[in-house]
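Below are the chains, spelled out letter by letter.
There are 6 protein chains.
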Amino acid sequence: MVYLTRLEHFNAAHKLYNPAWSREKNDEVFGVCANENWHGHNFDLYITIKGEIDPDTGFLFDAKKLSRLIKEHVVNKLDHKNLNVDVPFLTGKMCSTENLAVAIWQQLQPHLPANVQLHCVKLYETQRIYVEYFG
Amino acid sequence: MVYLTRLEHFNAAHKLYNPAWSREKNDEVFGVCANENWHGHNFDLYITIKGEIDPDTGFLFDAKKLSRLIKEHVVNKLDHKNLNVDVPFLTGKMCSTENLAVAIWQQLQPHLPANVQLHCVKLYETQRIYVEYFG
Amino acid sequence: MVYLTRLEHFNAAHKLYNPAWSREKNDEVFGVCANENWHGHNFDLYITIKGEIDPDTGFLFDAKKLSRLIKEHVVNKLDHKNLNVDVPFLTGKMCSTENLAVAIWQQLQPHLPANVQLHCVKLYETQRIYVEYFG
Amino acid sequence: MVYLTRLEHFNAAHKLYNPAWSREKNDEVFGVCANENWHGHNFDLYITIKGEIDPDTGFLFDAKKLSRLIKEHVVNKLDHKNLNVDVPFLTGKMCSTENLAVAIWQQLQPHLPANVQLHCVKLYETQRIYVEYFG
Amino acid sequence: MVYLTRLEHFNAAHKLYNPAWSREKNDEVFGVCANENWHGHNFDLYITIKGEIDPDTGFLFDAKKLSRLIKEHVVNKLDHKNLNVDVPFLTGKMCSTENLAVAIWQQLQPHLPANVQLHCVKLYETQRIYVEYFG
Amino acid sequence: MVYLTRLEHFNAAHKLYNPAWSREKNDEVFGVCANENWHGHNFDLYITIKGEIDPDTGFLFDAKKLSRLIKEHVVNKLDHKNLNVDVPFLTGKMCSTENLAVAIWQQLQPHLPANVQLHCVKLYETQRIYVEYFG
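Protein chains in written order, with our numbering: chain A, 1 to 135; chain B, 1001 to 1135; chain C, 2001 to 2135; chain D, 3001 to 3135; chain E, 4001 to 4135; chain F, 5001 to 5135.
Same shape as in the complex, but just chain A (with noise of 0.2 angstroms):
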């Protein structure tokens, strides 16, 4: 068993609010993160996944393969857009990171084969903070 982990990066926009309470209660429990015009982050998103070599080509996975995978269903779904607004899968949830890294899973994991199993999604939102989720 082996890990094989691809990087890729997206910029988007967002704020943390939540609709069920005031603009006070927001304020106090987010700060700044409540804006409502919105802040954003340039996101990087590492995803690992595991499984056996394949003794023909010495791969887990294409690493290539996997860049498209995770453009076609994540990156191009989130990048430059508003994650409050523009984004179907997010709709009606607070767009936290850890709301974020699990809603990732659920977009990558249908579309991996069956060989290989999704092991994590490691999002950073700023350099300082990130979040795993191992399903």
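For the record, the hints were derived by calculation from the structure and aren't laboratory data. Be a bit skeptical, because a hint or two may be false.
Computed footprint of chain C on chain A, listed as stretches where at least three residues anywhere in the stretch have a Cβ under 8 angstroms from a Cβ of chain C [to be verified]:
| no. | stretch |
| --- | --- |
| 1 | 54 to 68 |
| 2 | 89 to 96 |
If you only want the chain E side, here are some residues facing chain D, beta carbon under 7 angstroms, derived [unchecked claim]:
| no. | residue |
| --- | --- |
| 3 | N4011 |
| 4 | V4032 |
| 5 | N4035 |
| 6 | H4039 |
| 7 | H4041 |
| 8 | V4085 |
| 9 | D4086 |
| 10 | P4088 |
| 11 | T4091 |
| 12 | G4092 |
Keep in mind that this is a model prediction, so the values were computed, not measured. Cβ atoms here follow ideal geometry from the backbone N, Cα and C, with glycine treated the same way.
Starting from the known structure of chain A, fit chains B, C, D, E and F onto it as the hints suggest.
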């Protein structure tokens, strides 16, 4: 003459959009950067000053004081903001990284002490794109 | 279950020296790290916690609050200090990165809220050497 | 139980080419990585060991000694080499990063002292692709 | 006047070998870099241009277009290649990072638009060695 | 004319303290940096030289020889040292990063060969603060 550089960060939303143009022309020129619902970045800001070393302290200028000046006059006005909407000193300007670097110079320069010269504003929009302005 | 990691920094002096040994044996075992006049490092500290996502906030735990807890109970007691001399919770311990990581766990763990578990203390002594402790 | 990681580097040439296949099939499967005149990488190698802390030193294992073991048994055999041609322990294997990580484990593991276990070989082929092997 | 920099990557094999010299002299001068079976690197290429900001776009030059020009005229000719064998514009030159930086300048400079000046080619051979050329 | 840069590292203890001042004034001016028991840093040192390319080697100067000169004349005298106590060429100077960069220039410059000019000493005290000196 020595040069001292301090790195600060801010996260912000923006879009590239020229209101004198049609939606179609904006999309053609700016592509995904013109998304009307905004996107965002983690900006890395390097401020470089130059001058003589003070023999009593060994400092050109106290890096902690430089950090406070950058935060007070620049970072606090940009962090977790929408650059097109929330920042008075950017009103009416295209929110490109080039214009942002020039505007940061204009904000910070008047607040540096007389024995220190601002040398460079270096602003990373992503890890692969940065702008430098030397006044 | 998701994992959230926060990076903090501190700068400190230390030396590796076992007082039960002769100067010669310390030099032989620890080499330049035993320099009696100390040396120092910029330590990078990654704290990882785990738990369930709060549906109201989308957070495992507010990363800003995590930062404040790490600063209050760990970083403020280590930053710009001499680890062998200035830090009560390290008294009588060898000031290795291994022991420092374990001690940081012991300092931080009691102050985390009940719904959050400390998962990992990861401590970089240099860009090429780090220690992880999982409790 | 603590974990200690040491980073080392090596630069090498390789190509991905299965001699049981035609030139056309190799090009189809491996793309530019099959260039018959080779290409190359700066590999970053993270070696993680685990075990108990020695109370006399505060060390799991001396990081300088770990560095020397990695250099002697791994880096010196790979650095500035052609992985397909110059490395006896890779003869007859596909020179993928997956196979290289497994081979590095096999080279290093017998030379670690009895109180230390090899935990992970993590090998970056580029800043965006890495493989982990846990034995 | 502002400066805009774009980072691109390529991976390539090379060796340092002066055909006018004996094998022994090449080994003496270039050491392991003269390995006749090649070695390789992940090169990081920073291209800096300078000029005036276009008031309609806020751009010195569209960073995406700059990326495409660098890829078309430089990266696509070097990536996954053997620098000594596969690159017509390097034929007959010593494949040092210095010569490569100068050759990249000569390849790219004629293709920049008239209102933009090439300012610097900065080329990392490893994370610890880079060359800059200003024309 | 090309520029070649080499990165080296050293770890050291220091404090900022002017012996002509009272304890109180030192604390007021230097804050935690004046801790009498020292603190320390991982310093990153970038040395840039400039000159013409040698047509026989393609080199401005052999980067391995440059590394050896930096280690012999600078790094070996600073690494795992106390900058205030252990370093003859810093005696009587304030141990600021500014003064350290100037002193490194003075140590290294006389040992470079005639066809090479020292261009810049760039010294990182932390990842957020660096000093440059151009002679």
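Please verify that hint: T4091 (chain E), Cβ, nearest Cβ of chain D, below 7 angstroms or not.
The hint is violated - T4091 (chain E) has no Cβ within 7 angstroms of chain D, the shortest such distance being about 13 angstroms.
Any CB of chain D closer than 7 angstroms to the CB of D4086 (chain E)?
Where the cut-off is 7 angstroms and the nearest Cβ of chain D is about 5 angstroms from D4086 (chain E), the hint holds.
Restraint: N4011 (chain E) near chain D, CB-CB cut 7 angstroms. Satisfied or not?
holds, 5 angstroms
Holds or violated: is there a CB of chain D closer than 7 angstroms to the CB of P4088 (chain E)?
violated, 13 angstroms
Go through the hint on V4032 (chain E) and say holds or violated, using the shortest Cβ distance to chain D against 7 angstroms.
With a closest approach of 4 angstroms, the V4032 (chain E) hint holds.
Would the hint on V4085 (chain E) stand, with a C-beta cut-off of 7 angstroms toward chain D?
With Cβ-Cβ at 5 angstroms, under 7 angstroms, it holds.
Return the status of the interface hint for H4039 (chain E): holds when the least beta-carbon distance to chain D is below 7 angstroms, violated otherwise.
Check passed: Cβ of H4039 (chain E) comes within 4 angstroms of chain D, closer than 7 angstroms.
Per the CB criterion, is N4035 (chain E) less than 7 angstroms away from chain D?
Interface hint status for N4035 (chain E): holds (5 angstroms vs cutoff 7 angstroms).
Residues of the stretch 89 to 96 of chain A with Cβ under 8 angstroms from chain C, three needed, outcome:
holds (count 4)
Coverage claim, chain C over the stretch 54 to 68 of chain A, checked by counting residues with Cβ within 8 angstroms (three needed)
violated (count 0)
With 7 angstroms as the cut and Cβ atoms as the points, is H4041 (chain E) at the interface with chain D?
holds, 5 angstroms
Tell me if the interface restraint on G4092 (chain E) is satisfied: Cβ within less than 7 angstroms of some Cβ in chain D.
violated, 17 angstroms
Hints 1, 10, 11 and 12 from the list above are not met by this structure, while the remaining hints are.
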